[in-house]
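> Listed below are the residues making up each chain.
Protein chains: 10
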Amino acid sequence: MLFMVEMDVNIPHDFDPAQADRIKAEEKAYSQTLQASGVWRHIWRKAGLYSNVSIFDVESNAALHDLLIALPLYPFITMTVTPLCRHPSAIHEDDR
Amino acid sequence: MLFMVEMDVNIPHDFDPAQADRIKAEEKAYSQTLQASGVWRHIWRKAGLYSNVSIFDVESNAALHDLLIALPLYPFITMTVTPLCRHPSAIHEDDR
Amino acid sequence: MLFMVEMDVNIPHDFDPAQADRIKAEEKAYSQTLQASGVWRHIWRKAGLYSNVSIFDVESNAALHDLLIALPLYPFITMTVTPLCRHPSAIHEDDR
Amino acid sequence: MLFMVEMDVNIPHDFDPAQADRIKAEEKAYSQTLQASGVWRHIWRKAGLYSNVSIFDVESNAALHDLLIALPLYPFITMTVTPLCRHPSAIHEDDR
Amino acid sequence: MLFMVEMDVNIPHDFDPAQADRIKAEEKAYSQTLQASGVWRHIWRKAGLYSNVSIFDVESNAALHDLLIALPLYPFITMTVTPLCRHPSAIHEDDR
Amino acid sequence: MLFMVEMDVNIPHDFDPAQADRIKAEEKAYSQTLQASGVWRHIWRKAGLYSNVSIFDVESNAALHDLLIALPLYPFITMTVTPLCRHPSAIHEDDR
Amino acid sequence: MLFMVEMDVNIPHDFDPAQADRIKAEEKAYSQTLQASGVWRHIWRKAGLYSNVSIFDVESNAALHDLLIALPLYPFITMTVTPLCRHPSAIHEDDR
Amino acid sequence: MLFMVEMDVNIPHDFDPAQADRIKAEEKAYSQTLQASGVWRHIWRKAGLYSNVSIFDVESNAALHDLLIALPLYPFITMTVTPLCRHPSAIHEDDR
Amino acid sequence: MLFMVEMDVNIPHDFDPAQADRIKAEEKAYSQTLQASGVWRHIWRKAGLYSNVSIFDVESNAALHDLLIALPLYPFITMTVTPLCRHPSAIHEDDR
Amino acid sequence: MLFMVEMDVNIPHDFDPAQADRIKAEEKAYSQTLQASGVWRHIWRKAGLYSNVSIFDVESNAALHDLLIALPLYPFITMTVTPLCRHPSAIHEDDR
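Chains A, B, C, D, E, F, G, H, I and J supply the protein sequences, listed in that same order.
Using the working numbering, the first residue of the first sequence is number 1, and each one after it goes up by one.
Using the working numbering, the first residue of the second sequence is number 1, and each one after it goes up by one.
Using the working numbering, the first residue of the third sequence is number 1, and each one after it goes up by one.
Using the working numbering, the first residue of the fourth sequence is number 1, and each one after it goes up by one.
Using the working numbering, the first residue of the fifth sequence is number 1, and each one after it goes up by one.
Using the working numbering, the first residue of the sixth sequence is number 1, and each one after it goes up by one.
Using the working numbering, the first residue of the seventh sequence is number 1, and each one after it goes up by one.
Using the working numbering, the first residue of the eighth sequence is number 1, and each one after it goes up by one.
Using the working numbering, the first residue of the ninth sequence is number 1, and each one after it goes up by one.
Using the working numbering, the first residue of the tenth sequence is number 1, and each one after it goes up by one.
Do not rely on the hints blindly, as some may be mistaken.
Stated by the list, open to error - Label pairs and their computed distance ranges (CB to CB):
| id | chain 1 | residue 1 | chain 2 | residue 2 | range |
| --- | --- | --- | --- | --- | --- |
| 1 | H | T80 | F | A29 | 46 to 56 angstroms |
| 2 | H | F15 | G | R22 | 51 to 61 angstroms |
| 3 | D | I69 | E | N10 | 30 to 40 angstroms |
| 4 | H | F15 | F | E59 | 49 to 59 angstroms |
| 5 | D | A36 | H | A18 | 52 to 62 angstroms |
| 6 | G | R22 | I | A29 | 29 to 39 angstroms |
I should point out that these hints are in silico values taken from the structure, not numbers from a laboratory.
Note that the structure is a prediction, hence the values are computed from the model and not measured.
All C-beta atoms in this analysis are idealised placements derived from N, C-alpha and C, irrespective of residue type, glycine included.
Extracted from the complex, chain A is given alone in its bound form (with noise of 0.2 angstroms):
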């Protein structure tokens, strides 16, 4: 089952930049873990801006829930979440 999240980072000006930068490293690992398992399926830059669009694929509302709010940038992350379902006039067979 197929999910859109949109995330806004925000990380405020005055925070610790080394603390930063470990949370920004812990993030990406996570990010690429969920990727390689296939549940984190597309995630791609907003040319300019500091937010991604990402699909996920998950059995469930509460299996996406716990997936997100496990990210380490999670506090400083704005979330937008869409449910998706296939298309009438999709023809990709993983375009579910």
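Go by the hints and put chains B, C, D, E, F, G, H, I and J onto chain A.
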């Protein structure tokens, strides 16, 4: 080069149903041709809405424009266009 | 899997009243069938408005979409869809 | 009498974590007491967000107000309050 | 129990003027009956606008809903409903 | 001459609690003096919110401004000011 | 007593042009009479828009309302009304 | 050439009061100099708000920009700039 | 003096296509005349939208207004007007 | 390929002024280098605001992204990115 395009379709209540069906059939054929060619890489329905999220792979802004204004349903669609690029954490080959 | 769906109904002033009544009667029958089956778990009127808040219990985003677009009043409804999950403080068995 | 209350929680980044945990524990206990009493009829998490949708069953606007401002997390919550009533199509006994 | 209701009236330009006048006369009579009964406690015009701010005194959300949807101008009104309660600084007996 | 004033109060989390209590006590005394004089004709709490709806009866825009900026909580309040006048359907003597 | 009134004019495309011209001529005459009397103190066009910013000098909210609803173009205007008063830094006699 | 400029002032709660007073005094002097010169043609307070509506008479966009960024309170002001021109119904000489 | 003007064009579905084509042809001719004269310095299409971003070089707000309201498509355009001036970092001669 | 980028700059009041000046100087140098290279084709100040409208000429969305996130002021800028293409009415060679 990738773009996210969100399309909200709104056909007026008093529009001729037969003509609407004809336009929708043309739209589907047009969309499937572009999907088959690889230009229209993804299309998903937003659950519950007469809206889709699509990913286009085109050579330029102009190429995207020409594709979109040729949509048979174009006069009834509100478009939101977001230029995308590769995310530094992406591991998928084709999440350019 | 639960979803909150908010529906704002807006029938044009110049729509044929007899046809509107027929559609509303079909909507009511359709809604009550889904309520009886357990899929449409809750429906409340927003006081003073021609709007409702509903809770749906479905197996997937696609199942939700199919239910909603089959609503007889669908062309006159503005939908807002919010995926829900169990709250960590919930004690009610069925607040999944 | 039912009300939908949507709560968006936002604890500042520089708030003392130990105090935050203490307040969250009090919030949970308070919520569960009200759920057990039947006043806080439903609580759901919005998937991906630090937000909930709740249904309260109270005798008056004033009773609702007194319950909400006593929430331990109240200073960190943005509230949206929507008065509800029975929908004419409802068949559930308790969708008052 | 008090509610603030803000009503923005918008009658389409092409609506039959004679019918509009008939509906407005019915609206006025209906409003004055409810004012006389004490249910519609206050009604003010927003200066310069075809809008009013009203205070209703009803026993429940449902009672409010039934009153409002019976307004002859209801199909032409955009409603905003705000539940009120006594302010801790109030000294007026009837600012409940 | 009547004005509706909506006040949303927002005291920063890190503001000294003792000073906040002192300002709130001054605010209450100030409000009750104006209520007693008839200038602050109504004040209601918006249920669930740290906001009020008030009706002021003043001789001019300037008189209203002077009253409002003298509120002890003024620096923490977001104000919305709406000039009112008698509604043609009003029957209450004092709904000027 | 001064008010800023912003007026956005929107005449439907299918409105009879001859009638529109007649109404606009009446509007102009009405406006100029009020300008000559000193009540309509200023009127400026917003560059590029079918909108104006006006300053009215009236004795009360009710006087303002009566003037505005008598505008021949009133049914086609979206109004924004802002009560003004003398600024503490003003040196102009008539910036009351 | 005239411009309407709306200024919303927002000085942070934790800003040094003595410095704030100094800046406000400079702002007042600066404003009055420009008023005396005829460049700052009007300034009104929005009733109840820490905001003003002003009319500037300048030779160019650049002249306006230079005047505004030199305001001592500039860093604390949210500006809205609207270019104006003579209204075809205006009869006042100086409503250019 | 430069202005950015954003134009969103919206021709109603039931507008006569032949008349629409005639107006669009007039619009194009009018635009090209102004471009040739140097007044309409730039015009770009927003990719995917029936909208443009334009830069005008005019002597005054009034000159801009007169140019814009003479656009054959003016009644179908929503305008946003932004006055521009030279940026302190600009090195291009003509980015005034 | 052209993009319009609107940048709103907002440096916190409590940010070290010397460091702010250093960053602004770097920003200016960086901008002028890109202008000289032809990539940053236009930059205009929005009159009265700490904002600019810029036109970039880049080979791809990714090239745009890399340029923008390298701006020394990037952490203090809210960006709006709009992909552009040649307008069918354009006569200027370089309004691609």
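> If a hint holds in the structure, say so; if it doesn't, say that too.
Okay, the hints, checked on the actual structure:
1. H:T80 - F:A29: 46 to 56 angstroms: 37 angstroms, violated
2. H:F15 - G:R22: 51 to 61 angstroms: 57 angstroms, holds
3. D:I69 - E:N10: 30 to 40 angstroms: 36 angstroms, holds
4. H:F15 - F:E59: 49 to 59 angstroms: Because 34 angstroms falls outside the window, the suggested range is violated.
5. D:A36 - H:A18: 52 to 62 angstroms: 54 angstroms, holds
6. G:R22 - I:A29: 29 to 39 angstroms: Hint holds: Cβ distance 31 angstroms, inside 29 to 39 angstroms.
Of the numbered hints given earlier, the model fails hints 1, 4; all others are met.
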